[in-house]
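*Asks:* Combine the two chains into a complex, taking the hints into account.
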Amino acid sequence: MPIAGVVILTREEMTSQVLNQLQNVENVTTYGVHKNNNIVAVFEGQTPKELERINDKLINEVPGILGIYPAYVNYEDVEEQND
Amino acid sequence: MTVSRREFLKTSAAATAAASIGVNLLPGMKNNLFAGQVEWHKSVCRYCGTGCGVMVGTKDGKVVAVKGDKENTINRGHLCVKAFYLPKAVNSKTRLKHAMIKKNGKFEKVTVDEALDFVAKKFNEIRQKHGANALAFYGSGQAETEETYMANKLWKGCIGTNNMEGNPRLCMASAVGGYLTSLGADEPAGTYQDIEQAKFFMLIGSNTAEAHPILFERIMRHKTKNPDVQILIIDPRKTPTDQVADLHLFPKPGYDLAILHAMAKIIIDEGYADEEFIKTSVIFKDNKNKIDYAGYKEFLKKYTPEYASQRSGVPAEDIIKAARMFGKAETAMSLWTMGINQRTRGVWANNLITNLHLLTGKIGKPGCDSFSLTGQPNACGGVREGGGLCHLLPGHRLVVKEKHRQQVAKVWGVPVERIQPKPGKHTVAMFEALNKGEIKGIYIMCTNPAQSLPNASKYWKGLEEQFVVVAESFFPTATTKYADVVLPSAFWTEKEGVYGCTERRSQYMPKVKDPEGDAVWDAFLLRDLGKKMGFVKEFEKYQTAQDIWDEYRGLTKGQDMDLWGATYDRLKKVRGLTWPVPSEDHPGTYKRYTDGDPIYDALPAEKKKGRRMYFYGPKAKDGYATIWARPDKGPEEPTDAEYPLALSTGRVMEHWHTGTMTMTAPELNRAVPKAYVEINPSDAKKMGINNKDQVVVETRRGSLEIEARVIDRPIPGTIFIPWHWEKWMANILTIDAFDPGSKEPEYKVCAARIKKA
Numbered sequence: 000m001p002i003a004g005v006v007i008l009t010r011e012e013m014t015s016q017v018l019n020q021l022q023n024v025e026n027v028t029t030y031g032v033h034k035n036n037n038i039v040a041v042f043e044g045q046t047p048k049e050l051e052r053i054n055d056k057l058i059n060e061v062p063g064i065l066g067i068y069p070a071y072v073n074y075e076d077v078e079e080q081n082d
Numbered sequence: 000m001t002v003s004r005r006e007f008l009k010t011s012a013a014a015t016a017a018a019s020i021g022v023n024l025l026p027g028m029k030n031n032l033f034a035g036q037v038e039w040h041k042s043v044c045r046y047c048g049t050g051c052g053v054m055v056g057t058k059d060g061k062v063v064a065v066k067g068d069k070e071n072t073i074n075r076g077h078l079c080v081k082a083f084y085l086p087k088a089v090n091s092k093t094r095l096k097h098a099m100i101k102k103n104g105k106f107e108k109v110t111v112d113e114a115l116d117f118v119a120k121k122f123n124e125i126r127q128k129h130g131a132n133a134l135a136f137y138g139s140g141q142a143e144t145e146e147t148y149m150a151n152k153l154w155k156g157c158i159g160t161n162n163m164e165g166n167p168r169l170c171m172a173s174a175v176g177g178y179l180t181s182l183g184a185d186e187p188a189g190t191y192q193d194i195e196q197a198k199f200f201m202l203i204g205s206n207t208a209e210a211h212p213i214l215f216e217r218i219m220r221h222k223t224k225n226p227d228v229q230i231l232i233i234d235p236r237k238t239p240t241d242q243v244a245d246l247h248l249f250p251k252p253g254y255d256l257a258i259l260h261a262m263a264k265i266i267i268d269e270g271y272a273d274e275e276f277i278k279t280s281v282i283f284k285d286n287k288n289k290i291d292y293a294g295y296k297e298f299l300k301k302y303t304p305e306y307a308s309q310r311s312g313v314p315a316e317d318i319i320k321a322a323r324m325f326g327k328a329e330t331a332m333s334l335w336t337m338g339i340n341q342r343t344r345g346v347w348a349n350n351l352i353t354n355l356h357l358l359t360g361k362i363g364k365p366g367c368d369s370f371s372l373t374g375q376p377n378a379c380g381g382v383r384e385g386g387g388l389c390h391l392l393p394g395h396r397l398v399v400k401e402k403h404r405q406q407v408a409k410v411w412g413v414p415v416e417r418i419q420p421k422p423g424k425h426t427v428a429m430f431e432a433l434n435k436g437e438i439k440g441i442y443i444m445c446t447n448p449a450q451s452l453p454n455a456s457k458y459w460k461g462l463e464e465q466f467v468v469v470a471e472s473f474f475p476t477a478t479t480k481y482a483d484v485v486l487p488s489a490f491w492t493e494k495e496g497v498y499g500c501t502e503r504r505s506q507y508m509p510k511v512k513d514p515e516g517d518a519v520w521d522a523f524l525l526r527d528l529g530k531k532m533g534f535v536k537e538f539e540k541y542q543t544a545q546d547i548w549d550e551y552r553g554l555t556k557g558q559d560m561d562l563w564g565a566t567y568d569r570l571k572k573v574r575g576l577t578w579p580v581p582s583e584d585h586p587g588t589y590k591r592y593t594d595g596d597p598i599y600d601a602l603p604a605e606k607k608k609g610r611r612m613y614f615y616g617p618k619a620k621d622g623y624a625t626i627w628a629r630p631d632k633g634p635e636e637p638t639d640a641e642y643p644l645a646l647s648t649g650r651v652m653e654h655w656h657t658g659t660m661t662m663t664a665p666e667l668n669r670a671v672p673k674a675y676v677e678i679n680p681s682d683a684k685k686m687g688i689n690n691k692d693q694v695v696v697e698t699r700r701g702s703l704e705i706e707a708r709v710i711d712r713p714i715p716g717t718i719f720i721p722w723h724w725e726k727w728m729a730n731i732l733t734i735d736a737f738d739p740g741s742k743e744p745e746y747k748v749c750a751a752r753i754k755k756a
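Those protein sequence lines, which keep their order, are chains A and B. Heads up, the first sequence is in numbering that gives the first Met the number 0, so the first residue is 0 and it goes up one at a time. Heads up, the second sequence is in numbering that gives the first Met the number 0, so the first residue is 0 and it goes up one at a time.
This is chain B alone, in the form it adopts within the complex (with noise of 0.2 Å):
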């Protein structure tokens, strides 16, 4: 039988669509379909923190195609439109080749060699005249675990400073400090198998179905097939996530943690808490000092759902229906993202949702979880359990104690006294001080700050003015501008490396083609810009990934995150290993302060006795975790008769991030060709805008110039803007006041006006 190629293909593609729903479109051709054609390798998708699996396709040294990985648990073999791009963004022709050096204004080619010992004299030169502290690094949440790893180890280890940091802090932070603060340790109690068993969803402040489509469709998948599931959405705006839901609470933008007390008020004088859970398993605080229940009790008298409504906008009666959804599920998961971390008090809105899960005991048990979602592959992995921010060490330790700096010392083969024991300087800290010349030289990788950065443009003078070297594998980008030096960085499926996503799962990816022209694996730079600063001792042993990732494995044996166990030889083989995994013959951990979590059946009896979870965390204290009785503070910045309307920034599907990958794909600027700002009709209406007019949107920050785009997604009063394009630049607008516990910004809410351009 004579079948084209194309016809070929076509059946090939239809199988394997067919194949990710157990559907056999072709009996008996299955295991041939693609042999011969296309090599497949076991990966890990490169956008965001939900880690689907992904089988990338080579053919002839390129990549030609990618699948789902159907034996991943996460994705089970589909994909969403970012990922089903993928291969157009390694190959991309905005790939950054080649090193260079700006001299008198303009790059000039360089080898890689010759642009890292160029960097390393600068950044010695500065460390000797004015110290290590004038030296800073800013990392990524899309680092590899083992390239964070590096560059912790040169820049706290080495060099001598904790001004380290990554971009997570953008993002996750408040999370790391609801998680620490109401559980005592950071990172989820359960997992995404949690989704299947759950009766009840509480999402909040999360898009899932625009900002997490993978998990979105297995939520979906779960109510189509159990109708009874409920899901209540709490968010300002309307999004596509709201087909799914059953109740949807709009608030006004940063007022939400009013309703959360509310809720909790209406769980308890209804008889809805778990009475013998909270006896056992939970302590009680106000902001500051240890209260008991009978405080936190009079604490939300004052929470009622009128008030809450007052200072919401949210009705009572919707509230109060809310409150009985969690109060009367069997089992409750709430799921969020960027709007709740990104406020002044993103620590606080973390807490009150865990306290709802505290106060029915829905935690700890299938189907029932407080789950943060995360916005990049490696935030959790790299950052959060790698130690990559100012006050962190690898493993969940912290620079402050003594014990954990000896520790780390000892396994880096550095003095102790070389790290220091004070936190360096936050993000915003960090770019403040290159603004007023107290850093004077930063290394940015895999990361685009200038337009990241909340108020971005306040931040452009430091960049501008002080030594700036650029890891990248994109050019040009808002921040390469900046650079003095670029330094060209291999992409994903140009290196191997682990991820760990939202789930607390560490996934190997190999390497499946040769990097594009010049480039080199970040963590490599980083240990040949070691060596040449003089630390060539500490750098010249690592020789490949694993031997990286084998001293930080060891690193995190006997932690929290155990990761002893996820040596490469496994990871190659598994679908990835959810922490703690102790040992090579521990199957990883669902559910982490209960029966079946390793370092909780190894606790003696006695602790045990009479408690199906033990919060072990460094900062739960006799195994408590804690229900925080915290103000109800709003945003930093409401909107008054000057700034009448709330700004909110987010994202689109079909993009991510600052488009540095996503915009290398043309159609995918085609499909959102250029960021608009979405206004309520009602407010349209009053200010004579109509649809697709040039308006230009101000805040005590900045101005944009940008197409209205009248439709009913915010609620009346607020307006929202996509924040991925450089040309229209919605971090101008935005506020960077940060919470003060995470230091994490409110890109959430500023106050903003329109008018006709």
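Chain A with its partners taken away, still in its complex shape (with noise of 0.2 Å):
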């Protein structure tokens, strides 16, 4: 069940549209805008495959993304747990 930490680069004048269509995004949250044209992001799936897919769409279908950058991905077994 992985998870991955993106940092999302953006056109700077378009990153306000980009972030309001992936909060719309199944599967993608969000955690803010940061450093003019950078938005935090975490993919989400039920299996691995389900990341490239995200990506793929964010790729092609949300005009003003210029790039999508993993910093950390997750492949361990999650259970839900008491932390």
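Treat the hints as calculated values from the structure; they're not laboratory data. Accuracy of the hints is not assured; some may be wrong.
[As the list claims (entries may be wrong)] Stretch-level coverage of chain A by chain B, calculated; a stretch enters the list once three of its residues show a Cβ under 8 Å from a Cβ in chain B:
| no. | segment |
| --- | --- |
| 1 | 20-27 |
| 2 | 32-45 |
| 3 | 59-69 |
[As the list claims (entries may be wrong)] Which residues of chain B face chain A? A few of them, derived with a C-beta cut under 7 Å, are:
| no. | residue |
| --- | --- |
| 4 | K9 |
| 5 | A12 |
| 6 | A13 |
| 7 | A16 |
| 8 | S19 |
| 9 | I20 |
| 10 | G60 |
| 11 | A64 |
| 12 | V65 |
| 13 | G67 |
| 14 | L78 |
| 15 | Q127 |
| 16 | M219 |
| 17 | L246 |
[What the hints assert, rightly or not] Capping the alpha-carbon separation at 25 Å, the derived lysine-lysine pairs in DSS-like fashion look like this:
| no. | chain 1 | residue 1 | chain 2 | residue 2 |
| --- | --- | --- | --- | --- |
| 18 | B | K536 | B | K409 |
| 19 | B | K58 | A | K48 |
| 20 | B | K755 | B | K287 |
| 21 | B | K222 | A | K48 |
| 22 | B | K237 | A | K56 |
| 23 | B | K530 | B | K96 |
| 24 | B | K632 | B | K251 |
| 25 | A | K48 | B | K691 |
| 26 | A | K34 | B | K61 |
| 27 | B | K530 | B | K540 |
| 28 | A | K56 | B | K673 |
| 29 | B | K92 | A | K48 |
| 30 | B | K755 | B | K685 |
| 31 | A | K34 | B | K198 |
| 32 | A | K34 | B | K69 |
| 33 | B | K691 | A | K56 |
| 34 | B | K92 | A | K34 |
| 35 | B | K726 | A | K48 |
| 36 | B | K673 | A | K48 |
The C-beta atom is built at its ideal place from N, Cα and C for all residues, glycine as well.
*Replies:* Quick look at the structure:
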């Protein structure tokens, strides 16, 4: 059950528009705009293949994205537990 | 507070991503975020030659996570989509976990020891009956330096043949030839540090966005911050790299040399040349002889923008614009890769790029360099520096030089006469010799030549007929089909060693888990094979990776690529060191041939007087670099009435090379599930081909049925096929003609035709 933290680099003039669109994409959680044109986001899926689909969907369908850069990816089995 | 583990991991992932751009999402918590969860190890990405730092996360002896190494100056915490899937490759179902010997056409499982006994016996029989030159080794720019070093010693120093090659011959050899002939020594003068200081970039023959995404990110971020930065692209194909272009020239494939000459002419004619630098640091040569500046200007007279336009198909006014962009820019950096190197005149193309930097003095200064990008993670470190080609010895040495043979033989503990003074067979010649039966036994390590050689099907005969040993981490591959013996190799994270990337940076990688199954580190497979072949004394001393590295490090001492100061102890702590690094207190070198380079700094004052650069490499005379007046030869196989389209091949972002590693991840296969041929809409219309039609692409060497992708990426008259798939093997179409200097084949252009299937 993979989870990936990514930085999405955007065209500065389109950053707000990209953020709005990302907020409607399933399995993507955004964590704000930072340093003008960087959106921090987390991709998650039930299977690893969903991460790639999300990546491709965003690159191909959301105008204003210059690049998506994974910074962290975890593949360990995730079980619900109390922390 | 009750938090689900999934929420905890999401927060961790977001915080790590934010930290990579210098933002703390969770003040006060960052140090505790991963405590007790995953053990992290500093390493290097396994894929391309960029050299990105990767932190590998292990838990219960398994790789469960990776993150970009924020402390690494190359990628600063970011990765590209390929590294994103590294854990999948380590744990892939296609990992080769035991040795096998083919008996009656079928592989049978054996122990590694039994397999090595069998290989040693066969190799010794071949050597005794047919001589040392009937054996060969074919290695890889993905092997660690220690692994290539052991192969070098076994083949050149013990078996006694220079038939020892590596796949960097297919990707980087023209860059080697270019640097040697232009600057006098191999590898770039600068480093990636120049990116953030450059005012102008020329990206030529490089789809940087897809082939080197992290460097492209650095360029994009730099341009976003500094809108006055200009980017020129010279490439026959529109690619994602175009999103940052200020100007894109689309030459016909193989016809860009005239453009570079025309740019040089405009630079001189319009006063952009650095006349002082030319006077103090540069000589001129035509194809054979030394000429003077006036002679070079005379040579350039022919290369008007109009002439270059006629040759290349690029509008003359765009060539003028490009030259002015280069000339006017305060600083300039050129970056190129296979579009330049994989050509029958790849060395010349390299020379002509560097010509522009030498003419304008835009070299040896911050933000200025003529910088070849590398395709594989250790092509520079292991093969170019380590001497893993048929004419080289470790430490940028040459087999033809007696002094070099003596130095290496002494360290190896072998008789100097064992190292032959004549270069062995280069890659294409080696596989030709296998076809002819002149080579009767070959050891192939960490590479897939049955798929990656140009005109690949031509060379399957030799692989079928001769004794073939394949040491691999994955099974099956196109090459293991032909193996008589397969040996299971430990993969990335299962072995320690050093990778040397594009910017002369050597980085250490730790072993963080046990190898899968019976897999063994390639260096130890070679060591044990050597011992079983009878070279016990020569190989018994290597008990650890550090034993090998330290011996190699000693051989680099005093060489232009001095790594004497790069001890394992240091490399384990730092994010690599850029050579020359001559002592343990030396920080590494940013710029070669100028102030701050320890070799330059140590030169006598009279040599440096009045010169800000001194090119001290073995091929440079009296410290001068060379501007070359090379003819503008086109491709080996131009298009004609019978084959009217120019075929080019290359990469897509999600896959890498022959897909041995990336296609272990099913999601990557799904992202780009099969190969395709890109056809320009105007050509498709003429031929009645629609998007997704099945078509047959034919060249004089083979044909391939494949899906058409009608798209305006290739210019009219050209087509493009990504080369990663065994099922749709682009290399049965490509030409095996090669550059006479570098011996690198011309993958990037041949004549083709298309018809509907």
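*Asks:* All hints are to be evaluated individually against the structure, with a verdict given for each.
*Replies:* Right, here's what the structure says about each hint:
With a threshold of 8 Å between beta carbons, the proposed coverage of the segment 20-27 of chain A by chain B is violated, since 0 of its residues qualify and at least three are required. Remark: the segment 32-45 of chain A is confirmed as covered by chain B, as 8 of its residues place a Cβ nearer than 8 Å to a Cβ of that chain, reaching the required three. Interface restraint, the segment 59-69 of chain A with chain B: holds (5 residues with C-beta to C-beta distance below 8 Å; minimum three). Using the Cβ-Cβ criterion of 7 Å, the hint placing K9/B at the interface with chain A is satisfied: the shortest such distance is roughly 5 Å.
Checking A12/B against chain A by beta carbon gives a least distance of about 3 Å; that is within 7 Å, so the hint holds. The beta carbon of A13/B is positioned within 7 Å of a beta carbon in chain A (closest approach about 4 Å), and the interface hint is therefore held. With 7 Å as the threshold, the beta carbon of A16/B comes within range of chain A, its nearest partner Cβ sitting at about 4 Å, so the hint holds. For S19/B, the interface hint holds, the least distance from its beta-carbon to any beta-carbon of chain A being 4 Å, beneath 7 Å.
Checking I20/B against chain A by beta carbon gives a least distance of about 5 Å; that is within 7 Å, so the hint holds. With its C-beta approaching chain A no nearer than about 12 Å, G60/B sits outside the 7 Å limit, and its interface hint is violated. For A64/B, the suggested interface contact is upheld, since its CB lies about 4 Å from the closest CB of chain A, less than 7 Å. Because the smallest distance between the Cβ of V65/B and any Cβ of chain A comes to about 6 Å, under 7 Å, the interface hint for this residue holds.
Nearest Cβ of chain A to the Cβ of G67/B: about 5 Å, under the 7 Å cut. The hint holds. Taken as an interface hint, L78/B checks out: its beta carbon lies about 5 Å from the nearest beta carbon of chain A, inside 7 Å. Restraint check, Q127/B versus chain A: the minimum CB separation of about 50 Å is more than 7 Å; hint violated. Interface restraint check for M219/B: the shortest CB-CB distance to chain A comes to about 6 Å, inside 7 Å, so the restraint holds.
Annotation: interface hint on L246/B violated; nearest CB of chain A at approximately 19 Å, more than 7 Å. Distance hint between K536/B and K409/B is fulfilled; the C-alpha atoms sit about 14 Å from each other, no more than 25 Å. Restraint check: the Cα-Cα separation between K58/B and K48/A comes to about 22 Å, which is no more than 25 Å; the hinted pair holds. Under the criterion of a C-alpha separation no larger than 25 Å, the hint pairing K755/B with K287/B is inconsistent with the structure, at around 48 Å.
Among the hinted pairs, K222/B with K48/A is inconsistent with the structure: their alpha-carbon atoms are about 33 Å apart, more than 25 Å. Proximity of K237/B to K56/A is assessed by CA-CA distance (about 21 Å); at most 25 Å being required, the pair is judged to hold. This hinted pair checks out: K530/B and K96/B have alpha carbons roughly 23 Å apart, not beyond 25 Å. Between the alpha carbons of K632/B and K251/B the distance comes to roughly 13 Å, so the proposed pair stays at or under 25 Å and holds.
Annotation: proposed proximity of K48/A to K691/B holds, straight-line Cα distance about 24 Å (limit 25 Å). Distance hint between K34/A and K61/B is unfulfilled; the C-alpha atoms sit about 36 Å from each other, more than 25 Å. A threshold of 25 Å between alpha carbons decides the hint, and for K530/B with K540/B the separation of about 11 Å falls inside it, so the pair holds. Restraint check: the Cα-Cα separation between K56/A and K673/B comes to about 18 Å, which is no more than 25 Å; the hinted pair holds.
The straight-line distance between the Cα atoms of K92/B and K48/A is roughly 16 Å, inside the 25 Å bound, and the hint therefore holds. For the hint pairing K755/B with K685/B, the CA-to-CA distance comes to about 12 Å; that is within 25 Å, so the pair holds. Between K34/A and K198/B, the direct Cα distance comes to roughly 22 Å. Compliance with the 25 Å bound is thereby established for this hinted pair. A threshold of 25 Å between alpha carbons decides the hint, and for K34/A with K69/B the separation of about 17 Å falls inside it, so the pair holds.
At roughly 20 Å between alpha-carbon atoms, K691/B and K56/A fall within 25 Å of each other, so this suggested pair holds. Between K92/B and K34/A, the direct Cα distance comes to roughly 41 Å. Violation of the 25 Å bound is thereby established for this hinted pair. Restraint check for K726/B and K48/A: the C-alpha separation of about 22 Å stays at or below 25 Å, so the hint holds. Between the alpha carbons of K673/B and K48/A the distance comes to roughly 16 Å, so the proposed pair stays at or under 25 Å and holds.
In the structure shown, a violation is registered for the earlier hints numbered 1, 10, 15, 17, 20, 21, 26, 34, in ascending order.
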